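> Chain by chain, the residues:
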Amino acid sequence: MKTIEEVQQDILEEFSLYEDWMDKYAYLIELGNSVEPISAVEKNDQNLIKGCQSRVWLVAEKKEGHIYFRGESDAVIVKGLVALLLRVFSGRTPGEILHSQVHFIDDLGLTQHLSPTRSNGLLAMMKQIRLYAVAYDRLDN
Amino acid sequence: MKTIEEVQQDILEEFSLYEDWMDKYAYLIELGNSVEPISAVEKNDQNLIKGCQSRVWLVAEKKEGHIYFRGESDAVIVKGLVALLLRVFSGRTPGEILHSQVHFIDDLGLTQHLSPTRSNGLLAMMKQIRLYAVAYDRLDN
Amino acid sequence: MEYDVNKIRSYFPVLKQQVYGKPLVYFDNAASTQKPVQVLLKTGRLYTEFYGNIHRAAHYMADKTTDAFESVRDQVQQFIGAGSREEIIFTKGTTESANLVAASFGEQFISPGSEIIVSEMEHHSNMVPWQLNALKRGAKIVKLPMSRNGELQTSLLSELITSKTRLLAVTHVSNVLGTINPLAQIIDAAHRKNVPVFVDGAQAVQHIPVNVKALDADFYAFSAHKMYGPNGVGVLYGKRKWLEQMPPYQGGGEMISEVTFEKTTFSEIPFKFEAGTPNITGVIALGPAIALLQETGMEHIAAWEHQLLDYCTHQLKELEGLVIYGEASQKSGVISFNIDGIHPFDLGTMLDKTGIAVRTGHHCADPLMSYFNIPGTVRVSFGIYNTTEEIDRFIEALKRVVKMLK
Amino acid sequence: MEYDVNKIRSYFPVLKQQVYGKPLVYFDNAASTQKPVQVLLKTGRLYTEFYGNIHRAAHYMADKTTDAFESVRDQVQQFIGAGSREEIIFTKGTTESANLVAASFGEQFISPGSEIIVSEMEHHSNMVPWQLNALKRGAKIVKLPMSRNGELQTSLLSELITSKTRLLAVTHVSNVLGTINPLAQIIDAAHRKNVPVFVDGAQAVQHIPVNVKALDADFYAFSAHKMYGPNGVGVLYGKRKWLEQMPPYQGGGEMISEVTFEKTTFSEIPFKFEAGTPNITGVIALGPAIALLQETGMEHIAAWEHQLLDYCTHQLKELEGLVIYGEASQKSGVISFNIDGIHPFDLGTMLDKTGIAVRTGHHCADPLMSYFNIPGTVRVSFGIYNTTEEIDRFIEALKRVVKMLK
Ligand SMILES: Cc1ncc(COP(=O)(O)O)c(C=O)c1O
Ligand SMILES: Cc1ncc(COP(=O)(O)O)c(C=O)c1O
Chain A
20 MKTIEEVQQD
30 ILEEFSLYED
40 WMDKYAYLIE
50 LGNSVEPISA
60 VEKNDQNLIK
70 GCQSRVWLVA
80 EKKEGHIYFR
90 GESDAVIVKG
100 LVALLLRVFS
110 GRTPGEILHS
120 QVHFIDDLGL
130 TQHLSPTRSN
140 GLLAMMKQIR
150 LYAVAYDRLD
160 N
Chain B
20 MKTIEEVQQD
30 ILEEFSLYED
40 WMDKYAYLIE
50 LGNSVEPISA
60 VEKNDQNLIK
70 GCQSRVWLVA
80 EKKEGHIYFR
90 GESDAVIVKG
100 LVALLLRVFS
110 GRTPGEILHS
120 QVHFIDDLGL
130 TQHLSPTRSN
140 GLLAMMKQIR
150 LYAVAYDRLD
160 N
Chain C
47 MEYDVNKIRS
57 YFPVLKQQVY
67 GKPLVYFDNA
77 ASTQKPVQVL
87 LKTGRLYTEF
97 YGNIHRAAHY
107 MADKTTDAFE
117 SVRDQVQQFI
127 GAGSREEIIF
137 TKGTTESANL
147 VAASFGEQFI
157 SPGSEIIVSE
167 MEHHSNMVPW
177 QLNALKRGAK
187 IVKLPMSRNG
197 ELQTSLLSEL
207 ITSKTRLLAV
217 THVSNVLGTI
227 NPLAQIIDAA
237 HRKNVPVFVD
247 GAQAVQHIPV
257 NVKALDADFY
267 AFSAHKMYGP
277 NGVGVLYGKR
287 KWLEQMPPYQ
297 GGGEMISEVT
307 FEKTTFSEIP
317 FKFEAGTPNI
327 TGVIALGPAI
337 ALLQETGMEH
347 IAAWEHQLLD
357 YCTHQLKELE
367 GLVIYGEASQ
377 KSGVISFNID
387 GIHPFDLGTM
397 LDKTGIAVRT
407 GHHCADPLMS
417 YFNIPGTVRV
427 SFGIYNTTEE
437 IDRFIEALKR
447 VVKMLK
Chain D
47 MEYDVNKIRS
57 YFPVLKQQVY
67 GKPLVYFDNA
77 ASTQKPVQVL
87 LKTGRLYTEF
97 YGNIHRAAHY
107 MADKTTDAFE
117 SVRDQVQQFI
127 GAGSREEIIF
137 TKGTTESANL
147 VAASFGEQFI
157 SPGSEIIVSE
167 MEHHSNMVPW
177 QLNALKRGAK
187 IVKLPMSRNG
197 ELQTSLLSEL
207 ITSKTRLLAV
217 THVSNVLGTI
227 NPLAQIIDAA
237 HRKNVPVFVD
247 GAQAVQHIPV
257 NVKALDADFY
267 AFSAHKMYGP
277 NGVGVLYGKR
287 KWLEQMPPYQ
297 GGGEMISEVT
307 FEKTTFSEIP
317 FKFEAGTPNI
327 TGVIALGPAI
337 ALLQETGMEH
347 IAAWEHQLLD
357 YCTHQLKELE
367 GLVIYGEASQ
377 KSGVISFNID
387 GIHPFDLGTM
397 LDKTGIAVRT
407 GHHCADPLMS
417 YFNIPGTVRV
427 SFGIYNTTEE
437 IDRFIEALKR
447 VVKMLK
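Protein chains in written order, with my numbering: chain A, 20 to 160; chain B, 20 to 160; chain C, 47 to 452; chain D, 47 to 452.
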């Protein structure tokens with residue numbers, strides 16, 4: 020399996036194919052549409068991360084030392100970003116997550132989606148992913 | 020006796036001798052120093068017109084249908100302005116005062132001393148002069 | 047008179063900017079308008095020619111600045127047809143104007159059991175101040191409800207206004223629906239029962255002619271940054287009879303007459319309500335913004351923007367699955383809509399990539415969103431510099447992004 | 047490093063103005079400073095290149111503006127050494143900052159019988175808010191007295207602070223006397239009895255290095271317009287632990303999380319305290335003002351201005367009948383004085399005619415005037431761009447007008 024850094028590089032390379040912002044977003048939408056929906060039952064308050072404009076749900080499961088994430092959003096662009104985050108983080112060990120540095124969103128020029136004052140749920144989702152890692156890490160030790 | 024308008028013209032002419040602002044103010048100070056002081060007894064709260072930075076006292080007396088004003092201030096420049104107002108208004112009938120238009124302060128470029136937000140007492144003094152005129156006018160009729 | 051939109055556009059250099067390589071179409075005017083060079087030039091004069099703190103000083107720079115500042119008070123008075131300059135209070139915005147009245151009028155007139163009527167279409171800024179205040183004073187907020195088409199149910203007023211009602215708070219123009227409320231009628235109904243009315247004019251003064259005296263409004267508030275003026279400046283108009291009875295809101299410099307450790311006496315209105323150094327350069331730079339509105343003519347502006355509204359509404363209605371919220375008979379240039387199966391955030395984000403700035407979200411009007419049971423809308427809102435060509439570009443872009451998102 | 051005052055002066059075109067045909071000498075910096083071109087240029091960019099309402103929008107103009115706005119929050123945090131950006135709240139000025147804390151801290155922590163200690167040398171803005179609040183809540187204002195030389199009698203603190211004391215309000219630097227108060231010592235005395243301290247920094251941040259964390263101040267307030275920045279912008283620093291416990295001050299847009307007619311939940315700090323559209327352009331233009339101070343170096347500025355203070359004090363003392371108010375051992379560049387037998391208003395008015403802008407009056411510090419039993423003073427106050435040559439011209443002019451007035 021590729022490292023978190025390698026996956027980020029892959030993503031950057033894929034996006035570098037698109038010069039135009041419309042095309043980058045078209046690709047994000049495509050990614051968003053390909054995200055496997057989470058079940059209605061899982062779309063509960065506990066898994067909900069509330070943003071100002073859109074909602075994000077995040078489900079985590081641990082199997083054999085690795086955390087598997089699934090997620091969704093009511094906005095397709097946010098869903099595309101969720102897809103990217105899942106690709107980077109799902110299936111990692113808590114240690115890998117805790118020692119990672121996420122830079123690809125900045126590098127893609129999508130920083131505004133992470134701005135704390137935009138609060139569209141993505142930043143909270145990243146925090147939540149780390150919290151899961153911390154929690155599972157503690158459970159292990 | 021000259022009319023209110025004529026006295027204003029006189030004042031404007033006198034000041035027109037001075038080109039420099041320092042000289043105009045030197046003349047104002049001279050006028051201020053020449054104002055006859057009012058007695059300590061008359062410097063009471065009733066005659067006091069409070070400004071933000073300086074205080075003005077105004078005393079009015081009526082004799083044979085004419086109002087005679089005396090006034091003073093703790094700041095000599097304000098006293099100079101008071102002297103000019105006394106020269107214009109003292110010895111007039113209530114009707115003359117009420118029908119007059121005071122423009123010489125504006126014309127001299129001293130408007131800032133009359134600005135309501137500067138509230139250095141002069142504007143209040145002008146109002147007070149008019150109020151006396153109104154009051155004596157009523158008493159007459 | 048012809049409406050010379052090109053001349054107006056020439057005052058707004060920012061309109062020539064490109065975003066993401068596309069020419070900017072700015073349709074987010076209800077959030078904040080762009081600012082003309084006239085306002086910048088006036089600001090520049092205060093940075094290069096004269097500036098000083100106002101009112102209390104005895105020097106040239108301060109005198110000149112004071113004159114410029116106070117003359118804008120006269121200009122505002124005249125612009126909204128207020129009875130006297132002392133009834134014009136400078137605040138930092140509509141929100142602060144509402145908070146000032148809620149706190150200060152509240153302290154004097156609102157007590158346990160009092161009722162405050164607030165309409166269902168209010169911006170949070172004309173809702174939360176009353177809520178907070180009601181909570182503090184044991185008063186109750188009573189809702190003036192809305193109808194499906196975005197009009198207030200004014201016929202209910204005679205029932206809603208009781209002997210306990212102390213104030214009615216309502217917006218002149220809705221920032222989400224565009225509805226122009228029948229203010230004269232609402233105010234009349236309130237006054238018949240001696241209830242004063244606070245009007246949120248944040249979306250009105252820049253779009254339609256406003257005369258507070260003709261309306262007989264008790265309070266009227268608006269923000270400079272929504273009327274092509276500077277940021278950080280708001281206006282509160284209040285009838286003298288209310289302002290004089292109300293205690294000061296904030297304490298500090300400017301608003302006091304005398305201070306001792308034991309007792310403080312306050313200045314007259316308007317200064318009683320202007321504690322601290324005001325936004326001097328901001329207030330002075332509001333002057334040219336008002337001048338621009340007046341030179342263009344509020345009647346002409348209203349007509350022009352109404353034309354844009356009609357033109358855009360007509361084209362939007364052709365689109366499949368598009369729902370417009372707010373179809374009041376009297377509307378200003380604001381259109382809120384959604385498209386079936388597409389999240390407004392996605393629409394807004396994609397439109398942005400085509401150079402078109404619209405707003406998405408709840409527009410600070412949660413109760414209104416609850417009414418329609420939606421998470422938000424896409425909102426386009428027009429200003430004096432917008433054109434039908436821009437609407438064409440918007441519609442075209444909208445069709446394109448809808449195709450991508452569906 | 048040399049202090050390059052000519053370079054600094056070149057940033058302030060207004061200093062080249064003439065008044066009454068004489069070159070301007072601006073010695074009214076404590077009232078408000080002039081503004082450098084850097085601040086104007088930044089403002090201009092917001093008028094011509096990018097501008098939008100912040101935080102909630104999803105378009106390019108708004109995103110860019112939001113980034114610029116929020117980066118100034120970081121800059122302010124760093125400038126005053128605050129622990130985190132969330133502890134920086136933007137207000138409209140020092141006065142509002144004090145009112146915010148008085149109302150909001152007051153609501154939570156001040157009750158009948160509480161005591162608030164306020165120093166005798168406070169500006170009305172750090173006095174009246176506490177008075178108004180004490181009156182509302184049945185609390186009492188306790189005076190921290192001053193000595194003849196203009197220093198606070200800090201030795202009395204251990205007595206004055208009782209179990210009833212809820213807060214101590216004190217200025218960092220006096221706007222009349224120039225006294226730099228021994229803040230660390232005052233704060234330490236208060237903290238030993240668990241009393242938080244509100245510091246009025248309006249006359250400090252532009253003159254001396256300030257680090258709120260090193261001082262351990264609980265609240266620290268200042269105004270942009272006194273630090274070469276724009277008008278209508280203030281800062282309130284507050285320790286997180288207090289800000290989080292305090293209820294919101296104003297209600298409206300930005301500061302809420304969710305609103306219904308029944309209940310409203312609020313945002314986190316700092317937004318909880320920033321209701322309504324903030325002074326966007328003002329906050330952003332504060333950035334270059336802070337940058338100028340930092341590039342020049344607060345240590346260098348303090349040294350330069352202290353030199354001006356010494357130079358001017360020395361020459362004033364030579365004048366017959368001249369009394370200086372405030373001779374604290376630690377002083378910043380402010381000198382208040384009177385001349386025997388001459389009214390300060392006359393002095394100020396005449397100095398103005400020679401091109402020299404000073405302030406006269408009570409400087410919004412009535413209690414201090416009562417202390418010295420005077421109606422007012424003449425005040426000269428220095429800024430980063432003032433020079434000893436200007437002081438020479440001032441002294442010469444002063445001698446001339448004194449001769450005229452005596
Ligand atoms: C010491 C002090 N505190 C507070 C203030 C009030 O500041 P502002 O008027 O900007 O709110 C001033 C300025 O006048 C001051 O000098
Ligand atoms: C109807 C309405 N009221 C009040 C406000 C608040 O104005 P401000 O944020 O300028 O205080 C707005 C703007 O957002 C508005 O549209």
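I should point out that these hints are in silico values taken from the structure, not numbers from a laboratory.
From a predicted model like this one, the values you see are computed outputs, not experimental measurements.
There could be a bad hint or two in this list.
Taking lysine-lysine pairs in the DSSO-like style, the calculated list, with each CA pair at most 30 angstroms apart, reads [unchecked claim]:
#1 C:Lys68 <-> C:Lys445
#2 B:Lys43 <-> D:Lys182
#3 D:Lys110 <-> C:Lys182
#4 D:Lys285 <-> B:Lys43
#5 A:Lys43 <-> C:Lys68
#6 B:Lys146 <-> C:Lys186
#7 B:Lys146 <-> C:Lys285
#8 B:Lys146 <-> C:Lys68
#9 A:Lys146 <-> D:Lys309
#10 C:Lys88 <-> D:Lys53
#11 D:Lys449 <-> C:Lys452
#12 C:Lys309 <-> B:Lys43
#13 C:Lys62 <-> D:Lys68
#14 C:Lys110 <-> D:Lys53
#15 D:Lys363 <-> D:Lys68
#16 C:Lys309 <-> D:Lys239
#17 D:Lys182 <-> D:Lys363
#18 D:Lys452 <-> C:Lys110
#19 C:Lys182 <-> C:Lys62
Restraint ranges, calculated between C-beta atoms of paired labels, are given here [unchecked claim]:
#20 C:Ser416 <-> D:Asp234: 49 to 55 angstroms
#21 D:Lys452 <-> B:Gly128: 21 to 27 angstroms
#22 B:Gln65 <-> D:Thr306: 56 to 62 angstroms
#23 B:Glu32 <-> D:Lys452: 39 to 45 angstroms
#24 C:Gln199 <-> A:Glu33: 33 to 39 angstroms
#25 B:Asp156 <-> D:Gly367: 43 to 49 angstroms
#26 C:Gln340 <-> D:Glu290: 45 to 51 angstroms
#27 B:Gln65 <-> D:Glu290: 51 to 57 angstroms
#28 C:Ser193 <-> D:Glu290: 40 to 46 angstroms
#29 D:Arg238 <-> C:Thr306: 29 to 35 angstroms
#30 C:Glu308 <-> D:Gly159: 52 to 58 angstroms
#31 A:Asn63 <-> C:Ser193: 31 to 37 angstroms
#32 B:Asn63 <-> C:Asp113: 32 to 38 angstroms
#33 B:Met20 <-> C:Gln340: 29 to 35 angstroms
Where is the CB? At the ideal position from N, CA and C, for every residue including glycine.
> If a hint holds in the structure, say so; if it does not, say that too.
Structure-based check of each hint:
1. Distance check on the hinted pair: C:Lys68 and C:Lys445 sit about 17 angstroms apart at the alpha-carbon level, within 30 angstroms; holds.
2. Restraint check for B:Lys43 and D:Lys182: not satisfied, since their Cα atoms lie roughly 51 angstroms apart, outside the 30 angstroms limit.
3. In summary, the hint linking D:Lys110 to C:Lys182 is not supported, as the alpha carbons are separated by about 39 angstroms, beyond the 30 angstroms threshold.
4. For the suggested pair D:Lys285 and B:Lys43, the alpha carbons sit about 56 angstroms apart, so the restraint of at most 30 angstroms is broken.
5. Of the supplied pair hints, the one linking A:Lys43 and C:Lys68 holds, its CA atoms being roughly 15 angstroms apart against a limit of 30 angstroms.
6. Restraint check for B:Lys146 and C:Lys186: not satisfied, since their Cα atoms lie roughly 46 angstroms apart, outside the 30 angstroms limit.
7. With a C-alpha separation of about 24 angstroms, the suggested pair B:Lys146 and C:Lys285 falls inside the 30 angstroms cut-off, and the hint holds.
8. At roughly 62 angstroms between alpha-carbon atoms, B:Lys146 and C:Lys68 are farther apart than 30 angstroms, so this suggested pair is violated.
9. Of the pairs offered as hints, the one joining A:Lys146 and D:Lys309 holds, with about 28 angstroms between alpha carbons and a cut-off of 30 angstroms not exceeded.
10. Proximity of C:Lys88 to D:Lys53 is assessed by CA-CA distance (about 25 angstroms); at most 30 angstroms being required, the pair is judged to hold.
11. Only pairs whose Cα atoms come within 30 angstroms are accepted, and D:Lys449 paired with C:Lys452 is rejected, the gap being roughly 86 angstroms.
12. Between C:Lys309 and B:Lys43 the CA atoms are separated by roughly 41 angstroms; this puts the pair beyond 30 angstroms, and the hint is violated.
13. The straight-line distance between the Cα atoms of C:Lys62 and D:Lys68 is roughly 43 angstroms, outside the 30 angstroms bound, and the hint therefore fails.
14. Between C:Lys110 and D:Lys53, the direct Cα distance comes to roughly 27 angstroms. Compliance with the 30 angstroms bound is thereby established for this hinted pair.
15. For the proposed pair D:Lys363 and D:Lys68, the alpha carbon gap of about 26 angstroms is at most 30 angstroms, so the pair holds.
16. Proposed proximity of C:Lys309 and D:Lys239 is supported: the alpha carbons are some 28 angstroms apart, at most 30 angstroms.
17. Note on D:Lys182 and D:Lys363: the hinted pairing is violated, with a Cα-Cα distance of about 46 angstroms set against a maximum of 30 angstroms.
18. Between D:Lys452 and C:Lys110 the CA atoms are separated by roughly 29 angstroms; this keeps the pair inside 30 angstroms, and the hint holds.
19. Between C:Lys182 and C:Lys62 the alpha-carbon distance is near 49 angstroms, which puts this suggested pair outside the 30 angstroms criterion.
20. Taking 49 to 55 angstroms as the suggested C-beta distance range, the pair C:Ser416 and D:Asp234 conforms, at roughly 51 angstroms.
21. Judged by the Cβ atoms, the range 21 to 27 angstroms given for D:Lys452 and B:Gly128 holds: they are separated by roughly 25 angstroms.
22. Taking the beta carbon of each, B:Gln65 and D:Thr306 are about 59 angstroms apart, inside 56 to 62 angstroms as hinted.
23. Separation of B:Glu32 from D:Lys452 is about 29 angstroms and departs from the stated range, judged on CB atoms against 39 to 45 angstroms.
24. Between C:Gln199 and A:Glu33 the C-beta distance comes to about 54 angstroms, which lies outside the given range of 33 to 39 angstroms.
25. Against the hinted window of 43 to 49 angstroms, the Cβ-Cβ separation of B:Asp156 and D:Gly367 comes to about 47 angstroms, which satisfies the hint.
26. Our hint of 45 to 51 angstroms for C:Gln340 and D:Glu290 holds, since their Cβ atoms are close to 47 angstroms apart.
27. Evaluation of the 51 to 57 angstroms hint for B:Gln65 and D:Glu290 yields a pass: the beta carbon distance comes to about 55 angstroms.
28. Between C:Ser193 and D:Glu290 the CB atoms are about 41 angstroms apart, so this pair conforms to the stated range of 40 to 46 angstroms.
29. At about 30 angstroms, the CB distance of D:Arg238 to C:Thr306 agrees with the hint of 29 to 35 angstroms.
30. Range check, C:Glu308 to D:Gly159: Cβ separation about 18 angstroms, and the 52 to 58 angstroms hint is violated.
31. Distance hint check: the CB atoms of A:Asn63 and C:Ser193 are about 35 angstroms apart, consistent with the given range 31 to 37 angstroms.
32. As the Cβ distance of B:Asn63 to C:Asp113 is approximately 35 angstroms, the hint placing it in 32 to 38 angstroms holds.
33. At roughly 47 angstroms, the beta carbons of B:Met20 and C:Gln340 sit outside the given window of 29 to 35 angstroms.
The structure shown violates the earlier hints numbered 2, 3, 4, 6, 8, 11, 12, 13, 17, 19, 23, 24, 30 and 33.
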